[in-house]
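Protein chains in written order, with numbering that gives the first Met the number 0: chain V, 0 to 526; chain A, 0 to 306; chain C, 0 to 328.
If you are wondering where the hints come from, they were derived from the structure by calculation, not from laboratory data. There's no promise every hint is true.
[Claimed, not checked] Here are the computed lysine to any residue pairs in the SDA-like style, where the Cα-Cα straight-line distance is at most 25 angstroms:
| # | chain 1 | residue 1 | chain 2 | residue 2 |
| --- | --- | --- | --- | --- |
| 1 | V | K250 | V | K282 |
| 2 | V | K75 | V | S114 |
| 3 | C | K183 | C | R239 |
| 4 | V | K250 | V | V508 |
| 5 | V | K282 | A | R12 |
| 6 | V | K75 | C | E224 |
| 7 | V | K75 | C | R239 |
| 8 | V | K15 | V | Q468 |
| 9 | V | K116 | C | P236 |
| 10 | V | K15 | V | G28 |
| 11 | V | K15 | V | T56 |
| 12 | V | K75 | C | P236 |
| 13 | V | K282 | C | R7 |
| 14 | V | K116 | V | F145 |
| 15 | V | K75 | C | L136 |
| 16 | V | K242 | V | Q468 |
| 17 | V | K15 | C | A223 |
| 18 | V | K282 | C | L4 |
| 19 | V | K282 | A | S132 |
| 20 | V | K282 | C | A223 |
| 21 | V | K15 | A | G126 |
[Claimed, not checked] Pairwise CB distance ranges, derived in the manner of DEER restraints:
| # | chain 1 | residue 1 | chain 2 | residue 2 | range |
| --- | --- | --- | --- | --- | --- |
| 22 | C | L190 | V | D76 | 56 to 62 angstroms |
| 23 | A | G31 | C | L189 | 36 to 42 angstroms |
| 24 | A | L130 | V | S293 | 32 to 38 angstroms |
| 25 | V | R398 | A | W161 | 41 to 47 angstroms |
| 26 | C | G2 | A | P250 | 58 to 64 angstroms |
We put the beta carbon where it would ideally sit given N, CA and C, even for glycine.
Below are the chains, spelled out letter by letter.
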Amino acid sequence: MTLLTVEDLRISFRDKLAVDGLSFELPAGGTLGIVGESGSGKSSAALALLGLHEAATVTGTIDFDGVDLITDVPWKDIRGARISMVFQEPLTALSPFHTIGDQIAEVYRLHTGASRKAARDRAVEVLGQVHIPDPARRAGAYPHQFSGGMRQRALIAMAIACRPQLIVADEPTTALDVTVQAQILDLLDEVRATTGAALLLISHDLGVVAGSADTVVVMRDGRVVERGATETVLVSPREPYTKALLDAVPKPGEPREITGAPLLRVRDVQRHFPQPRRGSFRKPPPIRAVDGVSLDVHAGETLGIVGESGTGKTTLARMMVGLDRPTAGTITFDGADISRRRGRSVQMVFQDPLSSLNPRRSIGESIADPLRLQGERDPRGRVSALLERVGLAASEYDRYPHQLSGGMRQRVGIARALAPSPRLIVCDEPVSSLDVTTQAQVLALLEDLRAELGLSLVFVSHDLAVLRQIADRVAVLREGRVVEIGPTAQVYEQPQHAYTKELLAAVPVTDPVEARRLRALRTTVSG
Amino acid sequence: MTTAPPAPPVPSRALAALRRDRGFVTGAVIAGLMVLVALTAPLLAALAGQDYTTYHDTLLDSARGGVPIGGFGGISGEHWLGVEPGTGRDLFARLVYGAQVSVGVAVAATFLEVLLGVTVGVAAGLGGRWLDSGLSRVIDLVLSVPVLVMAISLLAIVPQDWPRPVLLAAVIAVLGWGGTARLSRGETLSLRTRDYVAAAQVAGAPWWRVARREILPGLTAPILTYAALLLPTNMVVEAGLSFLGVGVRPPTPSWGQMLSTATTWFRADPFYVFLPALMLFLALLAFVLVANGLRRALDPRQRELTR
Amino acid sequence: MIGYLARRILGAAFVLLALSAIVYALFYLAPSDPAILTCGKGCTPERLADVRAAMGLDDPVLTQYLHFLQGLFTGRDYPAGPDVRHCPAPCLGYSFETDQPVTALLLDRLPVSFSLAIGAEILSLAAGIGAGVLSGLRRFRVLDRIVNGLILAGYAVPVFLVGLLLLLLFCVHLQWLPFPSYVKFTVDPLLWAQNLLLPWISLAVIQTAAYARLTRAGLQDALAEDHIRTARAYGIPERRILWRRALRGAMLPLVTLTAVDLAQIMTAAVLTETMFGLPGVGQLLVGAVNQIDLPVVVGVTLLTGLLIVVANAAADLLYAAVDPRVQLR
Numbered sequence: 000m001t002l003l004t005v006e007d008l009r010i011s012f013r014d015k016l017a018v019d020g021l022s023f024e025l026p027a028g029g030t031l032g033i034v035g036e037s038g039s040g041k042s043s044a045a046l047a048l049l050g051l052h053e054a055a056t057v058t059g060t061i062d063f064d065g066v067d068l069i070t071d072v073p074w075k076d077i078r079g080a081r082i083s084m085v086f087q088e089p090l091t092a093l094s095p096f097h098t099i100g101d102q103i104a105e106v107y108r109l110h111t112g113a114s115r116k117a118a119r120d121r122a123v124e125v126l127g128q129v130h131i132p133d134p135a136r137r138a139g140a141y142p143h144q145f146s147g148g149m150r151q152r153a154l155i156a157m158a159i160a161c162r163p164q165l166i167v168a169d170e171p172t173t174a175l176d177v178t179v180q181a182q183i184l185d186l187l188d189e190v191r192a193t194t195g196a197a198l199l200l201i202s203h204d205l206g207v208v209a210g211s212a213d214t215v216v217v218m219r220d221g222r223v224v225e226r227g228a229t230e231t232v233l234v235s236p237r238e239p240y241t242k243a244l245l246d247a248v249p250k251p252g253e254p255r256e257i258t259g260a261p262l263l264r265v266r267d268v269q270r271h272f273p274q275p276r277r278g279s280f281r282k283p284p285p286i287r288a289v290d291g292v293s294l295d296v297h298a299g300e301t302l303g304i305v306g307e308s309g310t311g312k313t314t315l316a317r318m319m320v321g322l323d324r325p326t327a328g329t330i331t332f333d334g335a336d337i338s339r340r341r342g343r344s345v346q347m348v349f350q351d352p353l354s355s356l357n358p359r360r361s362i363g364e365s366i367a368d369p370l371r372l373q374g375e376r377d378p379r380g381r382v383s384a385l386l387e388r389v390g391l392a393a394s395e396y397d398r399y400p401h402q403l404s405g406g407m408r409q410r411v412g413i414a415r416a417l418a419p420s421p422r423l424i425v426c427d428e429p430v431s432s433l434d435v436t437t438q439a440q441v442l443a444l445l446e447d448l449r450a451e452l453g454l455s456l457v458f459v460s461h462d463l464a465v466l467r468q469i470a471d472r473v474a475v476l477r478e479g480r481v482v483e484i485g486p487t488a489q490v491y492e493q494p495q496h497a498y499t500k501e502l503l504a505a506v507p508v509t510d511p512v513e514a515r516r517l518r519a520l521r522t523t524v525s526g
Numbered sequence: 000m001t002t003a004p005p006a007p008p009v010p011s012r013a014l015a016a017l018r019r020d021r022g023f024v025t026g027a028v029i030a031g032l033m034v035l036v037a038l039t040a041p042l043l044a045a046l047a048g049q050d051y052t053t054y055h056d057t058l059l060d061s062a063r064g065g066v067p068i069g070g071f072g073g074i075s076g077e078h079w080l081g082v083e084p085g086t087g088r089d090l091f092a093r094l095v096y097g098a099q100v101s102v103g104v105a106v107a108a109t110f111l112e113v114l115l116g117v118t119v120g121v122a123a124g125l126g127g128r129w130l131d132s133g134l135s136r137v138i139d140l141v142l143s144v145p146v147l148v149m150a151i152s153l154l155a156i157v158p159q160d161w162p163r164p165v166l167l168a169a170v171i172a173v174l175g176w177g178g179t180a181r182l183s184r185g186e187t188l189s190l191r192t193r194d195y196v197a198a199a200q201v202a203g204a205p206w207w208r209v210a211r212r213e214i215l216p217g218l219t220a221p222i223l224t225y226a227a228l229l230l231p232t233n234m235v236v237e238a239g240l241s242f243l244g245v246g247v248r249p250p251t252p253s254w255g256q257m258l259s260t261a262t263t264w265f266r267a268d269p270f271y272v273f274l275p276a277l278m279l280f281l282a283l284l285a286f287v288l289v290a291n292g293l294r295r296a297l298d299p300r301q302r303e304l305t306r
Numbered sequence: 000m001i002g003y004l005a006r007r008i009l010g011a012a013f014v015l016l017a018l019s020a021i022v023y024a025l026f027y028l029a030p031s032d033p034a035i036l037t038c039g040k041g042c043t044p045e046r047l048a049d050v051r052a053a054m055g056l057d058d059p060v061l062t063q064y065l066h067f068l069q070g071l072f073t074g075r076d077y078p079a080g081p082d083v084r085h086c087p088a089p090c091l092g093y094s095f096e097t098d099q100p101v102t103a104l105l106l107d108r109l110p111v112s113f114s115l116a117i118g119a120e121i122l123s124l125a126a127g128i129g130a131g132v133l134s135g136l137r138r139f140r141v142l143d144r145i146v147n148g149l150i151l152a153g154y155a156v157p158v159f160l161v162g163l164l165l166l167l168l169f170c171v172h173l174q175w176l177p178f179p180s181y182v183k184f185t186v187d188p189l190l191w192a193q194n195l196l197l198p199w200i201s202l203a204v205i206q207t208a209a210y211a212r213l214t215r216a217g218l219q220d221a222l223a224e225d226h227i228r229t230a231r232a233y234g235i236p237e238r239r240i241l242w243r244r245a246l247r248g249a250m251l252p253l254v255t256l257t258a259v260d261l262a263q264i265m266t267a268a269v270l271t272e273t274m275f276g277l278p279g280v281g282q283l284l285v286g287a288v289n290q291i292d293l294p295v296v297v298g299v300t301l302l303t304g305l306l307i308v309v310a311n312a313a314a315d316l317l318y319a320a321v322d323p324r325v326q327l328r
């Protein structure tokens, strides 16, 4: 039985057509994934299902179990009761002023008219269903007291409280670590199976959709590019755009022989941060962001450093370029301490292309900065050459960062890092905030540059797939320590440490069959 | 994936927005006029053929206790805005010279507060833990000082022969730079975490270059907005102090001081209250409109909200 | 919690100590000689010497300061002719002018300043929040514009101007209200309120403007937050969203501001008290300054400093109490 039928949905805002003719069907209890890059209109479509757009014109048909969701919609009966939504960022999606239990109970009472006690009990019940330990006690906690993954579970609990027929999940895992991401996706699958609700999953990540959806709709610029069963679309796509998307997904790179001598040596490095006192007189123990890391970066190689958020990889990266001093241990470049080489041999590419460029300066000037610091009077020629080397036109010199796209800004960041002709570049999550196609282009650029200029790269990322493509050796970081390090192929195919195995099992893959296998693997690992 | 934050206020865009803002333009014009009057007071007085100290007893009706003869406080061809009751001094001259004090002290005090505050704030924001800690305590101390009370007290004890307007500006500034310092420190700390500052450091820029090229330009917008509102606030402080009699000493006129003496003459000569009150109100309103316009043009978040 | 309080008190004590040192240094080392001022007219060199001895002005500065501090904590003995006059803690000396203990003077006038502050604060909160909410909801365009205009005007009109105009209008011209004089709350509450009405309004004008602007901006910010969208997505009615979620977020800065503003009004009400003839702390100060009555000046300055420090600490505590996200550090 078809639960949701969308026909020729068009959504336009004042000046823009966000969705242009979206059509799909979702059977009761089924899962549909909508996949697309930013600007594809997928989120707009999702929000329209709950009428959450403030000033949009919506035309077409949305039939939800006989109810028209476009005109004269009885939203009170629909929102939260028959259709629930799970949002992307759980911290801001939940009210910071009320406890989790209160928020869930409030929604339940609103739609069922139940008593306070009954609502409280239901809240505890659903919190337990999403596997939050000690749910009765945790119901009295505030959202900021939960970890990111727990918060998302709480949000899912709120979504199932009133036993909806449809759950819409808009990028539910984007803000989470990769292992937590896998857990949440597994949870959504479980919830669907146990409650019988249909699931509409929206994501930019093909891997996320591959493991969870029966049918998939690929969107681009508001239009449907391809639609069909996941097995078909993701394994043998028909449309060139879909093919391009799949191609852009990072694939394992070719193993290379590294013969260079160690260039950057990190020895027993520790970095402690004093912890702010919380109510007690005694000084609390410091936060050990980096807790005894030793590794080498050989000339000409790309060393990947992988870890989830909070493992100390950014701290380590900053120490490698001399931005921060280790509390203990040494970092030497070519024999000399790193703090003395600043500005020349080692450079950095940053994660967020928006905040890594001074918004008040033209991009040409931003690139010229390091050159000026070295005493060059007129760097324009060199900057133009650099712009072209990274794939931008020399005429872009005078444009400002906000006029460029994310991918272009990141290229500018790379050009700036190349300006002083460094020998080693540390890249801190350089492609994490980019679309998958742009990501592929920037990665290709980095690989080209490395080969052409004989650079050594340190590539810090949480994305295992990306590292598998670009890194020669990989170091796995956990809680400030390196738990495993070795050639890429070896680490990925024969992981030694339990944490590495856990990480690898959580990576989203675009092959649906493989995805299901990994899910089964995860459930056995977690027991 | 993530929505881009609103574009930063590149100067040309901000200027264009300001030009369109009628409130701002009105305020700017009036404020400009006030400043002009303050600067050219001696010239204006000379044009009117008067000065602010000469007593004109003959124009006062001693039978009624010194009230000016003639309507509207004694307006005539010679005395464009009439004369002061009780002393017969030309009101126009006193008003324009009063502008010098009222506007001048406010501008000077604001300028000093910005200078002092930004220096300390940026130093605290960029400095190491100890420097920041120490300077923060100093800023807290300055913020804890009750401005009006301390100003009154200070003005009572300083040598009475120093030039009073300068003293006023100095006292107000010394007591009031805490706000700009706290703002500068906060903004510096936030700017310091931006990646482009780190990029400059990785490229080898020394701290003073980072301060000059990366931090200070980022401070312009918030400091400008804050200072714009600081100016009328300082003007009010000066007017208040002069009203209480601890500001400028006679015969130097100040609008606040004129208001103080004018209260006793209200029944007899309401014009004498009305004029300085109007001038003060207009000046303040003008600067507040300017401040409001600046805030709308320079705060990208605000711009979104007012659409 | 205890640790936080202890640290806060320590910090406050430090600030007050620094303030007292600065105030002491400024005033007692001022060009005008306190002894001459105390001595008054008809001062002979012998009397001057007596006064100096009585005030302990022959001691080194640091000793004088320490005596002063000691007096604050344990009381102090002043020689008065053949006898000894004991000034109980906290001792702020005796007024040069009236020879009354400064502490007693301050305590006597504190209720007046407090009455002024609390009434003005309540008035401006009610008016400011009301105007801010109505304007922030953007339901009535006209109202929004009016409130905007009033906000601007509020900033542009200094307290004494409003007070002046109100006085002239209601007391002198229309004669609807008698010229205010202070009546104690304990004596006649109604009369107390009536006399304070005009001062309250004049103080409230600027405060209302500030609160309205804060509330409006705060409300608009709060309504744009993600959890509001979630609440809507789950069918929670708009009114409930407004009261339980949006306003809660918008009110946070206001709550803490109230504590600080209360102290601010008490310290800055100098002008209002002078104009309306209210026997508060501010009026005491103005009188003392004109007579260069140093102990009183020092006493008032320290008291106001104390009020501000206490208010700041209270504001922090309030913020932590109202916002679950905030942790006391």
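Here's how the hints hold up against the structure:
no. : hint                                   : in the structure
1   : K250(V) to K282(V)                     : violated (48 angstroms)
2   : K75(V) to S114(V)                      : holds (19 angstroms)
3   : K183(C) to R239(C)                     : violated (42 angstroms)
4   : K250(V) to V508(V)                     : holds (10 angstroms)
5   : K282(V) to R12(A)                      : violated (50 angstroms)
6   : K75(V) to E224(C)                      : holds (21 angstroms)
7   : K75(V) to R239(C)                      : holds (13 angstroms)
8   : K15(V) to Q468(V)                      : violated (37 angstroms)
9   : K116(V) to P236(C)                     : holds (22 angstroms)
10  : K15(V) to G28(V)                       : violated (34 angstroms)
11  : K15(V) to T56(V)                       : holds (10 angstroms)
12  : K75(V) to P236(C)                      : holds (8 angstroms)
13  : K282(V) to R7(C)                       : holds (17 angstroms)
14  : K116(V) to F145(V)                     : holds (24 angstroms)
15  : K75(V) to L136(C)                      : holds (22 angstroms)
16  : K242(V) to Q468(V)                     : holds (18 angstroms)
17  : K15(V) to A223(C)                      : holds (21 angstroms)
18  : K282(V) to L4(C)                       : holds (16 angstroms)
19  : K282(V) to S132(A)                     : holds (18 angstroms)
20  : K282(V) to A223(C)                     : violated (39 angstroms)
21  : K15(V) to G126(A)                      : violated (47 angstroms)
22  : L190(C) to D76(V): 56 to 62 angstroms  : holds (58 angstroms)
23  : G31(A) to L189(C): 36 to 42 angstroms  : violated (50 angstroms)
24  : L130(A) to S293(V): 32 to 38 angstroms : holds (33 angstroms)
25  : R398(V) to W161(A): 41 to 47 angstroms : violated (55 angstroms)
26  : G2(C) to P250(A): 58 to 64 angstroms   : holds (59 angstroms)
The structure fails to meet hints 1, 3, 5, 8, 10, 20, 21, 23 and 25 from the earlier list, while all remaining hints are met.
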